[in-house]
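For reference, the chains in residue letters:
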Amino acid sequence: MTILRSLIRKEALHIVRDRRTMVITLVMPVVLLLLFGFAISTEVNNVRTVVVVDRHNDQTRDIIECLQVNEYFSFVGLVADSDVERLLRDGDAEAALYLRTDVGLTSAHIVVDASNPTSAQAAAAYLQGLTEGDAKKIAVTYTLYNPQMKSAYNFVPGIMGMIFILICAIMTSVSIVSEKENGTMDLLLVSPVKPTTIIIGKLVPYFLLSCIILAIMLLMAYTVLGLPVSYTVMTVAALSLLYIILSLSIGLLVSALVSDQVSALIVSAVLFMLPVIMLSGMIFPIDNMPAALQWISCAIPARWYISAMRKLMIQRLEFSHVIREFAILGAMTAALLALALGKFRSNP
Amino acid sequence: MTAAIATEGLTKSYGSVKALDNVSLNIEPGELFGLIGPDGAGKSTLHRILATLLKPDAGKAAVLGLDVVRYYSQLRDRIGYMPERFSLYHDMTVMENLRFFASLFGVNIADSYPLIAPVFRQLSKFPDRMAGKLSGGMKQKLALSCALIHRPEILLLDEPTTGVDAVSRSEFWDMLGSLREKGITIVVSTSYMDEATRCGRIAVIDKGRVLAAGTPDALTRHMSGKLYNAVASDMFGLLTRLRKMPEITDCYTFGSTLHLITTGRFDPAGAIGYLKAEGIADARIYPATPGIEDIFIQLTRDD
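Chains A and B, in that order, give the protein sequences.
Counting in the numbering used here, the final residue of the first sequence is number 401, and the numbers go up one at a time with none missing.
Counting in the numbering used here, the final residue of the second sequence is number 407, and the numbers go up one at a time with none missing.
These are calculated hints, taken from the structure and not from any lab test.
Some hints here could point you the wrong way.
Straight-line C-alpha distance at most 27 Å; calculated DSSO-like pairs for lysine-lysine [as the list claims (entries may be wrong)]:
1. B/K159 / B/K311
2. B/K122 / A/K233
3. B/K286 / B/K122
4. A/K396 / A/K247
5. B/K122 / B/K159
6. B/K311 / A/K233
7. A/K233 / B/K237
8. B/K122 / A/K396
9. B/K311 / B/K286
10. A/K396 / B/K164
11. A/K233 / B/K159
12. B/K311 / B/K164
13. B/K330 / B/K380
14. B/K122 / B/K164
15. B/K380 / B/K348
16. B/K159 / A/K396
17. A/K247 / B/K164
18. A/K247 / B/K159
19. A/K247 / A/K233
20. B/K229 / B/K286
21. A/K396 / A/K233
Work out the full structure, taking the sequences as your base and the hints as a guide.
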């Protein structure tokens, strides 16, 4: 026990003395959360809209009124047909709504500036919704779980999925490999200390560091970003701890496979970071991927973590809805840990 | 008395490269034994096998009578190992390093202090300096202190004097001498041939094979009387002509002179006369004391 304690103390000294890395690991999650929570947003607000009306009637007045009060639009004004093109071109308007009344029937034409397809799509959809209600085709949309469609909600699980891989996998693998590089690993191995103890001594400090980061991120998610607090918080924490252990195992495995710090960094980053960003559903929905990529995404732990986190944090579902994700992540952790420990023992 | 270290037919390959090829050595308790050879000769591999870090492909190695593969866990408390490049935690202070290694072996620094004191004394002036900020000589002393902290019976030092200034190197060998007097068996590898004379016995190693083993004196003895220095202003002309002489078995550049290995019938005066006739008027030939480097050159020539 005293040996393990001094191993942990030694590792803690490495972490604390490497000020720059420590500041980055603590500040990066906060910055990423704030960035994705506030600055980067896929929501479309205040679409500047002009309206062209050939004949006013009750319907057109209703629609214009709706436009004026709706926060998604900012109503620029009623303009003449001939001005629309200039307004769109100059960027004074992003969407134009033509309302034509023919034989008592009002039809709507929507023109949007599609130089930014995302906002154009959203604006067109909003406008359609606004005018279709009028055409007696009533389709009411409820946005469940995230009624305001806040993109921050969507990004919090994704960022957490990424951060833990980044910190646990990269930091653990680099720290183990650096000991291999400067020969101190040999000294640990020739001592009477068991390899398993050495490994635990390596993992515990990074586990604790990750717990601190987890606490910071959850605190931010539930306060600054305003995710609804619910009793699922405990499950969120439990799932995150499992995911942290999984990430640590990945770091351990990488360190057993490579022998210098640069390759540890590259392997961790390329093999684990990129798939997390591209294939985990963090940014690009998995359902939109080609079948082959969907299959590959099943092998990416972050996919299951993020999916479960969405269910827990946003949908606020009970534990029973994420059992599958828990089981998959648990099995992955066990397999990775066994593989990494086996590799580590057989290496020296 | 059993040997402190005994290896028999030790072989280890990395891919197609044979790092060790059938190495058999016997090292007696209390010996200061040197492994002499160039970089890549297999010295580190031998050290790593003896330190229980590496398993041999074939052959046996026993330290203190215990097989290194089977009884590795019993041996670890009794061996002190200092790898190439002083392996220390550079972001930890002198005392933190020492304390950490003491804790790994479950020993008290105070209990071991009498043993390490001669090595550690200079370091004790700045216990709070980061190990990474120490000079090469100081790092070497700290690494040795850490390797000695559990009072091992066998000390394995892999190139401990590489990257250290000449004064520190000499001091270091003095320390090894005093450790040997305390009964510790020391195996030290070096690529500095001149350090061989500081060892009790040496083994000359190249390309994984032991070329010769014995006391430095015994190894050089058979050469004495046969080795000569030769100098002239036209060194290249001297070399080509000397190589043609039948009484000279070998001739090679050695520092600023040529070393001649001769058969017993060599006559320096006659050779100078021959050289004069060949147009080299200022040649001088005089006896030389053979060193380990001469032995090494001879042994590797025979390949």
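Compare the structure with the hints numbered earlier in the document and write down the numbers of the violated ones, lowest to highest. 3 and 9
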